[in-house]
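J.: Spelled out from the first residue to the last, the chains are:
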Amino acid sequence: MGGRRVARPPARRLNGLPRRAAFAVLLVAALATGRAVEGLMPVDDETVAPFERTGGIGDRVEARWGDVQVTSVAGSTRIEDPYGTVHVTGGVYVVVDWTYTAAGEPQVPAYVALRDTEGRVFRTSVERNPYSSGGAAQPGIPRRVAAAIEVPADAVAGARLVVTLETNPEDHRRDDIVVVDLGLTQDDADAWATSEEPVEVAEPADGPGAAS
Amino acid sequence: MAESGGRLRRLALGAPRQHLTLTGSAAGAVVLAVLVAGGFDPLEKPEADVAPLAVGEAADIGPFTVTVDRMRVVDELPGISEGDDDTRVLALVGTVTATGTTTQYGAMLSESVALDGVPGVPAEVLPGETTDPGEPVPAGDVYVMADGTRLDAVQPGLEYEVAFVWEQDARADVPSEARLVLIGRTLRQSSIDHSDEWLDPLPVVAGDIEVTEPSAEPTEPAEEDS
Amino acid sequence: MRPPGWWRRNRWGLVALPVALAAALAASSYRVEAYWWLEKPRDLVDAERGEWVTFSASQYDRTGDVPFTVRVRLDGVRPAEAPFGEDDELDLPDGVQAVAVDLSLAAAPDVPLTSCDLVVRDASGTEYAYQSASPSISQATSPCVPPDARGPELDLFEGIDPDTGPRRPDEWTVSPVVLLPDGIEVAEVLLSWGPPEGLLISAE
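Just so you know, the protein sequences line up as chains A, U and X, in that order.
Take 1 as the starting number for the first sequence in this note's numbering and just add one per residue.
Take 1 as the starting number for the second sequence in this note's numbering and just add one per residue.
Take 1 as the starting number for the third sequence in this note's numbering and just add one per residue.
The hints are simulated quantities; they were obtained by calculation from the structure and are not laboratory data.
Just so it is clear, CB atoms sit at the ideal spot from N, CA and C, and this is done for glycine as well.
One thing to keep in mind: the hints can contain errors.
Claimed, not checked - Below, a list of computed lysine to aspartate or glutamate pairs in the DMTMM-like style, where the Cα atoms sit at most 20 Å apart:
| id | chain 1 | residue 1 | chain 2 | residue 2 |
| --- | --- | --- | --- | --- |
| 1 | X | K40 | A | E105 |
| 2 | X | K40 | X | E197 |
| 3 | X | K40 | A | E46 |
| 4 | X | K40 | X | E127 |
| 5 | X | K40 | X | D65 |
| 6 | X | K40 | X | D122 |
Stated by the list, open to error - Far from chain A, some chain X residues (derived; all Cβ distances over 10 Å):
| id | residue |
| --- | --- |
| 7 | R2 |
| 8 | W7 |
| 9 | W12 |
| 10 | V15 |
| 11 | E81 |
| 12 | P93 |
| 13 | T126 |
| 14 | P135 |
Chain A on its own, in the form it takes in the complex:
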C-alpha cells in the first residue's frame, strides 16, 4: 500500500479537496438525475402538444385564429373537382363542406386532414385530394370551403376533420388546432364505398351561404 508511505498532506487540503470533490459529484449527479427524469417522463410531448378545440357537425369551434363550422359531409368512390376532373378511388372519398371565419387578421387554414380512430392522418393535396382555401380570408367574413380526401373504407367510421394554419405538423406545437368529429359510422362507409355517383367539390366562396 503505497499511500501509507506518502507524507500526510497539509490539513487544509485534506479538508478542502474532498468537500469540493463531493460537491462536484453531487452537482453532476443532480443534473444527471434531472436529465434522466426528463427523459423518462413524456415532458416534450406534453409541453409542445397543440391545444385541440373539439366539436361536432354544425358547431362553431373557436380557435385562436378563428372558428371552423362543418356544414355537411358526403362520400363516394368518385369526386368531381372544381375543374371538372373526375377522380376515382379504390377506397372512399370523404367530402367535407365547412366554413371558416378568421379572427384578428386575414389568415389561411392551410393544414386540413382527416384523422381516423387508429390515429392515421390523411392530408389534402392539390389534385388527388382537392382543397382550396381561396387565399387568406378577411376576419369576420365567413369563407365556405370544401375538402375531399381519399381514405380506406375502414378509416371512415369515427373520422375527425383536423384544421389549423401551419402546413408543417411540427409547427402545430402549442398552437390551436380544430378537431371536428364528423359523426360517421360503418354504415356511411359501406354506402360510400359502393357509391359511384361523383360528389362535387365546391370552389371556395365568401359569405354565409344558404346552409346557415
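Knowing the structure of chain A, use the given hints to seat chains U and X on it.
T.: Leaving out everything else, chains U and X in the frame of chain A:
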C-alpha cells in the same frame, strides 16, 4: 520560397516543448467539443445492399411498398402525355402503398423509381440544368391507372395501381430492356430540426425489366375510365 | 481580524451579474427580430387624414438595399363602386361591404413602389388586408401605384428588365378596395413597403 520553407521547418522542428503540450491540449479540447456536439458520425453514406429486382413482387423501400409489373412504350397516354414526334413515353405499371400512418406526397414517390442508363432519358434537359449520364433518372410523374389523374399524395392504407412515366427522346432507340433502380429511404430524426423524416435516399433494389413496344403489345386492357 | 463578509468576497461577481444576465438575454433574443420585429410593420410613422406626410424607408432586391422616399396623403375612406383598376361592378356576398381608400402619392418616377401592402384597421385593431384576388373580388395587384403606369419594379430576377411600362406621373391618386364585414368602421390605414417600417394614417 527556400527561405520561407526554411523558416517553417525551423518553426516545426525548433518549437519549444511547452508549445507542443499547449497544441496537444488545444487539440484535445477540440476533440472533446466535437464529441460533445455529437460529431464523428460517418459523413459517408453507408452502402446499402442492393437487392435484385423481382417483377411482380412487393419491395419495401421505406416510405412505400412498390410492386413492379410491366414496362411498355406508350405512344400516348390519354390526358397525360400526347407523345409527339420528338418524344415517346415509357410507362412502368405497378402498385404502390404507403407504409406509414400519414400521407406521403407524390414527389418522393416519383423520386423513388428511376431508370438507369436508358439512352434518350431524360428527353430534354432544361437550360441551366445538367444531368450526370451515370445518374439514374427518376420518374417524371406518377399517374393513377383507374382515372388517369396525377398521384400527388399517397394515403396510408390504400393500394394504388399506377404508371410511372418517363419521356424518351424519339431519336433514341426503343430499349428492349431497361435497368430499373428503386431508391429507398430511412425514417430518422433530422439533424436540423429533430423531426422524424424519410431521409438518406439510396438504391435498394435494381435490375432489368423487359420493355414492350406498342406494336408488339396486345390490346390495351380497359383500365382507363372514360 | 474578522474575515471579509460574503458581499465583499463576491463583490466583483455581483457587479458582473447584471451584465452577464443582459448579455445572456441579448444572445438568446435573435428570434425576436425574425419572428416578431420583421413579421409586421412595427416601426410606424403616424399621420392624419388630409395631410401630406413624407415617408422614407428601404426595400431590397438583387442590387442590395433600395432606399426610397414617398409623399402620401389619405384623402378619405368611402363605400366603393368598383374594384381598383377594373371596370366590372362589385358583386358582393351578403354581409360584406367594400370600402375604397382614396390615397394621393408623390414620388420620383424612377422609384420602385409596386410591392406595397395596404391594411385597414377598425377601432379594436382587427386588420383587413387589400387583396387583389379573392373569391369575391379581382383588382389591380398593387394598391399603391396607378395600374396602367406602375413605374419600375424591384430588380428581383436576372434577365428581366425592371422598368418597362409607361412612365409613372410625379403625383397620382389610387383607390384600392378592401372588403370588410358590414357595420365595421375603418379607423386607420396602414401602408408598408416591407416590415418593419410602415405608415399609419388615422382615418378619422
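J.: Against the structure, test the hints numbered earlier, and report the numbers of the ones violated in rising order.
T.: Numbers 3, 12, 13 and 14 - these are the hints that the structure violates, sorted from lowest upward.
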